[in-house]
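The listed protein sequences derive, respectively, from chains P and A.
When we follow this note's numbering, the leftmost residue of the first sequence carries the number 1, and every step to the right adds one.
When we follow this note's numbering, the leftmost residue of the second sequence carries the number 1, and every step to the right adds one.
If you're looking for bench data, these hints aren't it; they were derived computationally from the structure.
Since the structure is predicted, the reported quantities are computational estimates derived from the model, not experimental observations.
No residue lacks a Cβ here, since even glycine has one placed at the ideal position from N, Cα and C.
Certain hints may be false.
Some chain A residues judged to face chain P by a derived CB distance under 10 Å, without partners named [unchecked claim]: (1) S322; (2) E328; (3) R340; (4) E348.
Below, computed lysine-lysine pairings styled on BS3-like, alpha-carbon distance capped at 30 Å [claimed, not checked]: (5) A:K309 - A:K19; (6) A:K163 - P:K49; (7) A:K261 - A:K250; (8) P:K213 - A:K245; (9) A:K673 - A:K728; (10) P:K278 - P:K343; (11) P:K27 - A:K163.
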Amino acid sequence: MGLLLRQHAEQQFEEELHELKKNETNKVPENWQLSPQSVVTYLMGGTLKNGFQISPKYIGNRRLIEIAVATLVTDRALLLYGLPGTAKSWVSEHLAAAISGDSTLIVQGTAGTGEEAIRYGWNYAKLLAEGPSEGALVQTPVMRAMRDGKLARIEELTRVGSDVQDTLITILSEKTLPVPELDKEIQAIRGFNVIATANNRDKGVNELSSALKRRFNTVILPLPDTIEEEIDIVRRRVEGFSTVMDIPAEKPALEEIRRVVTIFRELRGGATEDGKTKLKTPSGTLSTAEAISVVNNGLAMSGYFGDGRLNAVDLVSGIIGAVVKDPVQDRVVWQEYLETVVKGRDGWKDIYRASREML
Amino acid sequence: MSDGIHFLGIRHHGPGSAKNVKAYLEELEPDMILLEGPPEAEPLLPGVLHEQMKPPVALLAYQPDEPKRAVFYPFAGFSPEWQAMCYAVKRGIPLRFFDLPLVHHLALWKEREEQAELQKASEEAHDTEEEGMPSAPGNQPEAEASPVPPEPVHVDPFAALAKAAGYDDPELWWEMNFENRRNNEEIFLAVREAVTALREAYPAIDRETSLREAWMRKMIRAAQKEGCQRIAVICGAWHVPGLEKMPARKEDNELLKGLPKVKVECTWIPWTYDRLSYRSGYGAGIISPGWYDHVWDYPDDDGTRWMSKVAALFRARGMDISVAHVIETVRLAQVTAALRGLSRPSLEEYNDAVTTVMGFGDPVVLQIIREALVISDRMGAVPGDVPKVPLLVDVEKLLKRLRLPLTTGIKEYNLDLRKPNDLERSIVFHRLNLLGIRLARPLGSDGKGTFKESWSVYYEPEQTLSIIEKAVWGNTLAEAVVAYNVRQAEDIPSISALVDLLQQVIPADLPGLVEQMTRRLDALAASTTDVLEMMKAIPGLVTVVRYGSVRNLDYAKVNDMLYTMMARVLAGGVLACANIDEDAAADLMEKFIAVDYAVATANQPELISMWTELVRKVRESRGTHPLLSGYATRLLRDKNILGHEETAQTLQYYTSRGNAASETAFWFEGFLKSSGTILLLDEQLWELVNGWLASLDDGTFLELLPILRRTFSEYSVPERRKLGEKAKGTSGVKRLHAGSEAFNAEDARKVIPLIWQLVGIK
Chain P
1 MGLLLRQHAE QQFEEELHEL KKNETNKVPE NWQLSPQSVV TYLMGGTLKN
51 GFQISPKYIG NRRLIEIAVA TLVTDRALLL YGLPGTAKSW VSEHLAAAIS
101 GDSTLIVQGT AGTGEEAIRY GWNYAKLLAE GPSEGALVQT PVMRAMRDGK
151 LARIEELTRV GSDVQDTLIT ILSEKTLPVP ELDKEIQAIR GFNVIATANN
201 RDKGVNELSS ALKRRFNTVI LPLPDTIEEE IDIVRRRVEG FSTVMDIPAE
251 KPALEEIRRV VTIFRELRGG ATEDGKTKLK TPSGTLSTAE AISVVNNGLA
301 MSGYFGDGRL NAVDLVSGII GAVVKDPVQD RVVWQEYLET VVKGRDGWKD
351 IYRASREML
Chain A
1 MSDGIHFLGI RHHGPGSAKN VKAYLEELEP DMILLEGPPE AEPLLPGVLH
51 EQMKPPVALL AYQPDEPKRA VFYPFAGFSP EWQAMCYAVK RGIPLRFFDL
101 PLVHHLALWK EREEQAELQK ASEEAHDTEE EGMPSAPGNQ PEAEASPVPP
151 EPVHVDPFAA LAKAAGYDDP ELWWEMNFEN RRNNEEIFLA VREAVTALRE
201 AYPAIDRETS LREAWMRKMI RAAQKEGCQR IAVICGAWHV PGLEKMPARK
251 EDNELLKGLP KVKVECTWIP WTYDRLSYRS GYGAGIISPG WYDHVWDYPD
301 DDGTRWMSKV AALFRARGMD ISVAHVIETV RLAQVTAALR GLSRPSLEEY
351 NDAVTTVMGF GDPVVLQIIR EALVISDRMG AVPGDVPKVP LLVDVEKLLK
401 RLRLPLTTGI KEYNLDLRKP NDLERSIVFH RLNLLGIRLA RPLGSDGKGT
451 FKESWSVYYE PEQTLSIIEK AVWGNTLAEA VVAYNVRQAE DIPSISALVD
501 LLQQVIPADL PGLVEQMTRR LDALAASTTD VLEMMKAIPG LVTVVRYGSV
551 RNLDYAKVND MLYTMMARVL AGGVLACANI DEDAAADLME KFIAVDYAVA
601 TANQPELISM WTELVRKVRE SRGTHPLLSG YATRLLRDKN ILGHEETAQT
651 LQYYTSRGNA ASETAFWFEG FLKSSGTILL LDEQLWELVN GWLASLDDGT
701 FLELLPILRR TFSEYSVPER RKLGEKAKGT SGVKRLHAGS EAFNAEDARK
751 VIPLIWQLVG IK
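Can you build the whole structure from these sequences, using the hints too?
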């Protein structure tokens with residue numbers, strides 16, 4: 001296990017899930033691993049009766065998670081919607097891990113995702129050799145989830161073409177998957193449901209048909225409300241990362257994280273935190289997830305190439321990479337931000353100097 | 001509960017409390033009900049069952065000699081007090097309001113205000129209004145004081161209890177524990193215990209609360225003495241422990257001795273749900289009157305009915321909401337409530353579910369629900385025969401006759417003054433405004449002289465109060481407006497302010513008032529020496545005269561006043577223009593422009609000749625400020641009173657060497673005031689200026705250049721460009737008149753048929 005680059009949620013938080021199960025007092029729906037209340041506790045964190053600490057996985061509005069879990073209790077599917085990097089996939093993974101104990105039944109939606117990736121495919125060698133048979137069928141994650149009564153995850157649903165999206169309608173409303181070639185069907189057993197994620201920025205690319213939309217309950221995951229909340233998210237995820245990645249750097253300095261988060265929030269919001277200076281916004285989204293990766297990147301840089309301490313130079317290349325997505329326009333945005341905001345800010349000289357060198 | 005006294009601790013406006021009170025009373029069948037409220041309102045009680053009575057309504061208690069000092073007690077159908085009143089009246093059970101009588105309460109309030117005044121005087125400190133509120137801290141303010149200052153923010157003791165129970169929101173906690181229960185056995189006992197614990201933790205109560213509780217105890221004793229066996233005491237939960245412990249009678253009597261007194265009168269007035277809601281600033285307000293209304297009407301609704309209402313509302317707004325949506329929403333709300341450990345969903349769960357299922361995650365849809373369902377604004381009604389002040393009766397009668405029903409929300413009226421009914425409406429609106437009752441507000445520029453008027457009508461309960469407040473001025477609207485404004489006019493020291501008021505009075509159709517105001521105006525004008533002030537009044541007077549003629553009213557008196565005013569201006573005008581500085585001259589010129597415009601619109605030959613006379617005098621006077629002199633010259637030239645030669649001569653005079661540069665500059669500025677386009681089109685004026693300019697020698701020209709530049713820089717850019725082009729084209733050479741030569745008879749003939757066609761002559 002130690003060799004794995006990244007563990008699944010159910011592996012990484014095995015102990016927490018185990019403790020939650022042990023302390024279960026509420027009614028557990030059929031084929032669920034935990035009661036809905038425990039699932040919420042798993043995501044939001046808390047202390048169990050025996051004193052065991054559950055770490056928060058999602059930092060933000062508890063009501064949203066409650067609604068998301070309640071949706072999965074009813075037989076409606078859940079659609080997590082939001083800007084890139086607002087922890088949609090993260091929440092979906094943890095929900096699947098906590099509810100089904102398995103977050104691996106996942107279909108990545110792309111423009112090229114075909115029907116066979118959602119319903120079923122054929123092993124053509126076997127199909128030719130044996131003719132249509134159960135053995136020649138290639139099961140998709142969705143199909144397996146239906147059979148086992150688990151949660152299937154579909155990432156980036158709106159990237160998938162409309163015709164393919166609509167194959168979900170029968171699965172979600174009738175809870176069945178017909179296989180006409182074999183003259184049979186797979187009926188979902190209790191516990192099956194679908195969590196899909198979709199992206200604000202893809203709005204209008206492959207809009208969900210209203211028939212499909214009606215089968216989903218939508219929960220919008222917002223950007224963090226306050227700078228403190230965002231810093232908290234970045235810090236937790238980065239600390240998790242350095243243990244996973246075995247990076248020899250010191251624990252990330254809160255101050256550095258605060259600076260990265262401030263830069264991202266300001267550029268994203270188009271104004272400085274004090275609201276006094278108007279700023280241009282770059283073309284990228286500058287989500288919390290990107291802030292996390294910038295800090296991780298900086299940590300790795302300082303761990304392997306620097307003195308093991310996170311400093312401005314390590315961070316700046318990451319920041320520039322995240323901000324300057326368009327080499328012409330975003331560069332102007334960044335330079336303007338440097339000259340008007342960073343230059344004059346107390347104690348930010350190092351960032352200013354480092355980025356001047358790099359641009 | 002000992003001695004046959006049953007304490008029912010309630011929260012004002014809670015459907016749960018209301019239901020519990022009703023159920024409890026029906027079971028107990030008391031022979032006496034003591035209800036928290038002002039004893040003065042007892043005669044109004046039978047009104048609750050009147051068929052025209054529709055909650056939400058409020059008990060309004062006010063001091064007739066000082067109606068500003070007033071208290072509202074709002075009730076909705078789901079208020080426990082309302083249910084208790086209905087029960088008592090229906091069963092013929094005696095009900096007494098047993099709170100401290102308002103005669104004392106308001107007097108105490110007044111006393112405290114006066115003390116605060118004194119304190120303020122010494123301390124130079126703050127907000128007496130808030131200190132003067134009758135609601136005590138730590139006590140749920142059930143009555144709303146008027147005229148609605150922001151309620152004081154105070155520590156809610158129930159918040160502490162809610163916090164102890166692990167709730168952030170005390171409202172939610174109360175709702176979960178007391179309002180939303182279906183099983184209500186011993187609920188009042190539970191409330192009592194909780195509040196007793198609270199009162200022990202917060203023992204301090206202010207004087208007012210202790211007085212009120214002493215009075216309440218006195219009333220309980222009185223009821224006991226009368227031999228009542230089953231007394232139901234209904235009051236705010238907070239008071240229960242204070243009433244249970246009976247101190248010695250003497251102690252209370254001591255406390256209540258020598259209370260100050262004022263006169264108080266009570267009436268019912270219609271109230272609105274919006275004003276019951278928290279957001280209107282009402283201290284004991286509730287967040288969602290519409291939701292409570294629903295809960296009261298359908299206590300067993302599992303959400304289906306509420307959601308169907310929501311769906312119907314969305315459909316009316318063009319959103320596609322299917323029955324399946326409703327089913328899913330109800331289910332999600334129920335599951336969410338279970339997940340949150342609630343026995344049944346509250347409004348919050350329903351809102352979350354609506355957002356998720358119907359709004360696709362976007363809470364914007366809740367905005368639609370909020371106005372129409374959660375607040376669900378509506379207005380109550382009171383029977384016509386409750387005692388009211390005559391003025392209020394008159395206003396209500398007028399509004400009814402003119403079919404102007406008072407509703408919630410803003411309603412717009414577009415009136416066509418040629419229709420008699422609309423004209424009357426307009427008159428009533430104007431009169432109400434003149435009394436300071438802002439029931440109807442004029443929209444936009446009211447475009448005097450046209451036949452259209454737009455008004456937006458918005459009823460607020462305070463307006464009833466302000467009508468009562470103005471009741472001293474007369475028993476009918478017309479009487480009150482006249483008396484009130486005559487008094488107002490006497491206090492106005494300046495002519496222009498008086499004319500402003502006069503302008504407002506004209507459309508209210510009160511010739512008597514106009515006459516009195518004109519007299520007052522005349523007196524003011526006679527005693528003032530301020531010509532400026534009088535000049536300021538002239539445009540207003542002209543408007544009055546012209547508007548009066550539109551409205552078929554004869555205001556000959558005002559017209560006479562206008563002449564008198566002009567005569568006075570004529571007498572003192574010239575002097576006013578002399579020996580003044582630049583700012584004063586600029587100010588005066590604005591007045592000249594305004595008066596000139598007004599006189600031109602009035603179009604009365606005599607008036608025009610008087611005005612021209614003044615302008616001529618101003619021009620001729622040597623001491624006149626050059627700015628005004630310049631403007632006067634221009635005015636006279638425009639009116640063809642001053643000939644070409646004469647104008648040119650004056651121009652020469654003021655631009656000659658002997659003048660100081662600044663004088664020339666001012667004169668020029670006045671002469672060419674905002675007339676770039678006129679200069680372009682008026683060939684004569686152009687020749688005059690251009691000819692003069694071309695005649696200057698180089699030295700003088702250079703000297704005058706800055707001054708000219710200053711004048712011309714006021715014109716717009718296109719004007720300046722065109723002037724430049726024109727100057728270039730003529731380059732100072734005298735151009736021939738655009739006369740006969742430009743006229744081509746042949747070409748002109750071609751146009752004639754088309755013109756005939758255009759004007760309809762074949």
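Hints, verified against the model:
Hint status for A:S322 relative to chain P: holds, with the closest Cβ pair at about 7 Å, below 10 Å. Checking A:E328 against chain P by beta carbon gives a least distance of about 6 Å; that is within 10 Å, so the hint holds. Interface hint at A:R340: satisfied, since its Cβ lies 6 Å from the closest Cβ of chain P, which is below the 10 Å cut-off. Proximity of A:E348 to chain P holds as hinted, the smallest CB-CB distance being about 8 Å (cut-off 10 Å).
Restraint check for A:K309 and A:K19: satisfied, since their Cα atoms lie roughly 23 Å apart, inside the 30 Å limit. With a C-alpha separation of about 21 Å, the suggested pair A:K163 and P:K49 falls inside the 30 Å cut-off, and the hint holds. The straight-line distance between the Cα atoms of A:K261 and A:K250 is roughly 21 Å, inside the 30 Å bound, and the hint therefore holds. As the CA atoms of P:K213 and A:K245 are separated by approximately 62 Å, the hinted pair breaks the 30 Å bound.
Restraint check for A:K673 and A:K728: satisfied, since their Cα atoms lie roughly 22 Å apart, inside the 30 Å limit. For the hint linking P:K278 to P:K343, the alpha-carbon distance of about 16 Å falls within 30 Å, and the restraint holds. For the given pair, P:K27 sits about 27 Å from A:K163 by alpha-carbon distance, which is consistent with the 30 Å threshold.
Of the numbered hints stated above, the single one contradicted by the structure is hint 8.
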